[in-house]
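A.B. asks: If you want the building blocks of each chain, they are given just below.
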Amino acid sequence: MFSTVRKLTTNVAFFCAIALGWTTHGQAQSSLVTDISSHLISVTSDFTGTELLLFGAIQIADEEEGPNRGDVLVVVRGPEKNVIVRRKARVAGIWVNTEALEFERVPSFYALASNRPVEEIAAPDVLNRLRIGPSRLRFRVAKSEQVSLPFEEAIVRQKSRENLYSDQETAVYFLGDTLFRTTIAIPANVPVGDYIAEFYLFKDGELLGAQSSPLFIKKSGLGRQIYDFAYDYPALYGIAAIIVALIAGWLASAIFRKE
Amino acid sequence: MTVYLPIAEISVNLFLILGMGGAIGLLSGMFGVGGGFLMTPLLIFIGIPPAVSVATVSNQITAASVSGVLAHWRRGNVDFKMGMVLLIGGIVGSVVGTWIFTILKSIGQVDLMISLSYVIFLGTIGILMFIESVNALINTRRGTVKRKKLHQHYWIHGLPFKMRFRKSKLYISALMPLGIGALVGILSAIMGVGGGFVMVPAMIYLLGMPTSVVIGTSLFQIIFVTANVTLLHAISTQTVDIMLALLLMSSSVVGAQIGTRLGTKLRGEQLRGLLALLVIIVCLKLAFDLVITPDDLYSLGEGGH
Numbered sequence: 001m002f003s004t005v006r007k008l009t010t011n012v013a014f015f016c017a018i019a020l021g022w023t024t025h026g027q028a029q030s031s032l033v034t035d036i037s038s039h040l041i042s043v044t045s046d047f048t049g050t051e052l053l054l055f056g057a058i059q060i061a062d063e064e065e066g067p068n069r070g071d072v073l074v075v076v077r078g079p080e081k082n083v084i085v086r087r088k089a090r091v092a093g094i095w096v097n098t099e100a101l102e103f104e105r106v107p108s109f110y111a112l113a114s115n116r117p118v119e120e121i122a123a124p125d126v127l128n129r130l131r132i133g134p135s136r137l138r139f140r141v142a143k144s145e146q147v148s149l150p151f152e153e154a155i156v157r158q159k160s161r162e163n164l165y166s167d168q169e170t171a172v173y174f175l176g177d178t179l180f181r182t183t184i185a186i187p188a189n190v191p192v193g194d195y196i197a198e199f200y201l202f203k204d205g206e207l208l209g210a211q212s213s214p215l216f217i218k219k220s221g222l223g224r225q226i227y228d229f230a231y232d233y234p235a236l237y238g239i240a241a242i243i244v245a246l247i248a249g250w251l252a253s254a255i256f257r258k259e
Numbered sequence: 260m261t262v263y264l265p266i267a268e269i270s271v272n273l274f275l276i277l278g279m280g281g282a283i284g285l286l287s288g289m290f291g292v293g294g295g296f297l298m299t300p301l302l303i304f305i306g307i308p309p310a311v312s313v314a315t316v317s318n319q320i321t322a323a324s325v326s327g328v329l330a331h332w333r334r335g336n337v338d339f340k341m342g343m344v345l346l347i348g349g350i351v352g353s354v355v356g357t358w359i360f361t362i363l364k365s366i367g368q369v370d371l372m373i374s375l376s377y378v379i380f381l382g383t384i385g386i387l388m389f390i391e392s393v394n395a396l397i398n399t400r401r402g403t404v405k406r407k408k409l410h411q412h413y414w415i416h417g418l419p420f421k422m423r424f425r426k427s428k429l430y431i432s433a434l435m436p437l438g439i440g441a442l443v444g445i446l447s448a449i450m451g452v453g454g455g456f457v458m459v460p461a462m463i464y465l466l467g468m469p470t471s472v473v474i475g476t477s478l479f480q481i482i483f484v485t486a487n488v489t490l491l492h493a494i495s496t497q498t499v500d501i502m503l504a505l506l507l508m509s510s511s512v513v514g515a516q517i518g519t520r521l522g523t524k525l526r527g528e529q530l531r532g533l534l535a536l537l538v539i540i541v542c543l544k545l546a547f548d549l550v551i552t553p554d555d556l557y558s559l560g561e562g563g564h
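Chains A and B, in that order, are what the protein sequence lines are. Going by my numbering, the letters in the first sequence line up with residues 1 to 259, in that order. Going by my numbering, the letters in the second sequence line up with residues 260 to 564, in that order.
FYI, nobody ran anything at the bench for these hints, they're computed from the structure. Honestly, I wouldn't trust all of these hints.
Unchecked claim - Subject to a maximum C-alpha distance of 20 angstroms in a straight line, what follows is the list of computed EDC-like cross-link-like pairs (lysine to aspartate or glutamate): (1) A:K218 to A:D46; (2) A:K88 to B:E268; (3) A:K219 to A:E102; (4) A:K88 to B:E561.
Claimed, not checked - Covered by chain B, per the in silico footprint, the following chain A stretches (three or more residues, Cβ under 8 angstroms): (5) 91-103; (6) 243-249.
Every value quoted in this text rests on a predicted model; they were computed, and no experiment measured them. Even glycine gets a Cβ: it sits at the ideal position worked out from N, Cα and C.
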């Protein structure tokens with residue numbers, strides 16, 4: 001049972017969590033209205049990264065609840081890919097990749113923002129179940145069951161170094177009681193694909209509601225055309241690259257001969 | 260100012276890439292080498308994935324070699340017959356090399372293979388060149404230049420399939436240039452180099468070709484081998500970044516022209532000595548990286564889908 005839950009995709013886990021949240025609170029309760037500044041980020045040839053603004057409001061159902069408006073968590077996840085993690089060991093004096101483990105459905109991007117440290121917002125088991133925070137992501141080993149924890153930690157460490165994973169580096173700010181906003185940095189090396197922005201509302205350690213919005217990061221302009229060309233027509237692309245080189249070489253020779 | 264490289268999938272500083280292309284071009288013009296053996300490690304160093312560096316540099320070398328060959332061809336310094344024989348070997352070698360490269364990539368050993376090949380080849384050639392140029396410098400100081408024998412006979416001359424190469428003034432077995440071509444083709448595919456730094460000494464010392472036709476002929480062969488490597492990498496690994504290649508081409512040809520002019524002001528032995536030192540430095544850096552404990556023992560690679 002536990003292993004099957006583990007194997008659920010993050011999206012399924014997300015919606016299950018919402019359902020759980022709703023079933024525990026039968027009566028009218030607070031909910032979220034959210035949006036993001038842009039649903040499409042174009043990676044053009046001069047792309048140097050961008051900031052994504054995520055904002056929303058808490059609709060407080062019960063006015064008597066007082067000043068405790070709840071906590072907001074914002075997660076942006078990138079497309080999932082299979083990742084091979086290799087470990088080096090010293091062989092005859094030099095460092096060689098000796099062990100390798102393949103993980104399935106590793107988010108290529110993961111950013112978390114919250115209005116206060118997540119450990120204060122919810123209990124560890126809730127955070128683990130929702131996979132909140134890079135260190136709580138669980139990756140599935142593609143083949144056999146092995147001791148994979150150091151390999152999983154390596155994924156988080158490397159992705160964090162590349163600025164692709166971030167854990168509460170930006171905060172969620174409240175404007176008044178109900179409006180909130182946060183920014184998440186999208187670095188220049190961001191992988192393209194289908195993203196999802198998730199908003200969670202917690203109150204007293206319990207999940208009250210959640211919202212999600214799609215976000216698309218696409219190559220566009222010349223870069224997109226080159227990329228598509230290279231992958232759709234590899235042989236033609238290779239020939240084009242050679243022709244470009246031949247012309248460039250001939251041009252260089254012709255220009256400098258005249259001098 | 261940054262520019263996004265669509266295949267490497269990273270943004271790089273435009274002036275850094277142009278500067279690197281110019282600097283390597285300058286060196287290649289001065290020393291008469293393609294410069295791939297310096298460019299590939301440099302690109303890897305600034306964060307371009309090794310596989311993209313290797314494939315893209317091959318593409319850039321095609322352009323550099325075309326420009327070089329045209330200059331040598333005008334002076335009649337290209338032995339086309341020898342070039343064709345080397346080329347047949349080279350095409351076979353580059354197919355084998357790309358095949359090895361693809362296998363190594365899938366088992367995660369390609370970075371190690373690239374580094375090891377560099378250390379072995381740069382180390383050997385750097386040291387040999389250095390010794391040779393130091394000896395030449397000492398001999399010219401003393402004023403005693405050893406006379407070489409006009410024709411030396413090795414076991415090589417006993418091989419079958421003899422061919423006459425008029426321009427090179429040689430009558431040797433076709434197996435030798437075929438073998439050298441094949442070896443350089445393999446290196447070209449694995450290391451992202453034209454292979455001039457292996458080919459030129461091999462042509463002079465193993466084949467006994469006259470120095471005047473060596474560079475033009477080696478460049479002629481390199482055009483086709485690197486073009487073939489570019490095509491094979493484009494098809495099997497999709498790692499040729501045409502944007503990066505164009506940036507490197509445009510700045511390296513300018514650098515090469517300046518380098519050629521600077522090169523004529525320096526003496527041959529001094530040039531070779533300097534080049535040998537450069538080769539040894541690159542080799543030591545790569546060897547050092549293989550031996551020291553890496554910051555992170557783990558590395559990530561793309562999994563299958």
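A.B. asks: It remains to establish, for every hint, whether it holds in the given structure.
C.D. replies: Taking the hints in turn, this is what the structure says about them:
Taking the CA atoms of K218 (chain A) and D46 (chain A), the gap is about 14 angstroms. The hint holds against a cut of 20 angstroms. Annotation: proposed proximity of K88 (chain A) to E268 (chain B) is violated, straight-line Cα distance about 25 angstroms (limit 20 angstroms). Under the criterion of a C-alpha separation no larger than 20 angstroms, the hint pairing K219 (chain A) with E102 (chain A) is inconsistent with the structure, at around 27 angstroms. A C-alpha spacing of about 17 angstroms is found between K88 (chain A) and E561 (chain B), which places the hinted pair at or below 20 angstroms, so the restraint holds.
Counting residues of the stretch 91-103 of chain A whose CB lies closer than 8 angstroms to any CB of chain B gives 8, so the stated coverage by that chain holds, three being the minimum. Coverage of the stretch 243-249 of chain A by chain B holds. Counting CB-CB distances below 8 angstroms, 5 residues qualify, and the rule asks for three or more.
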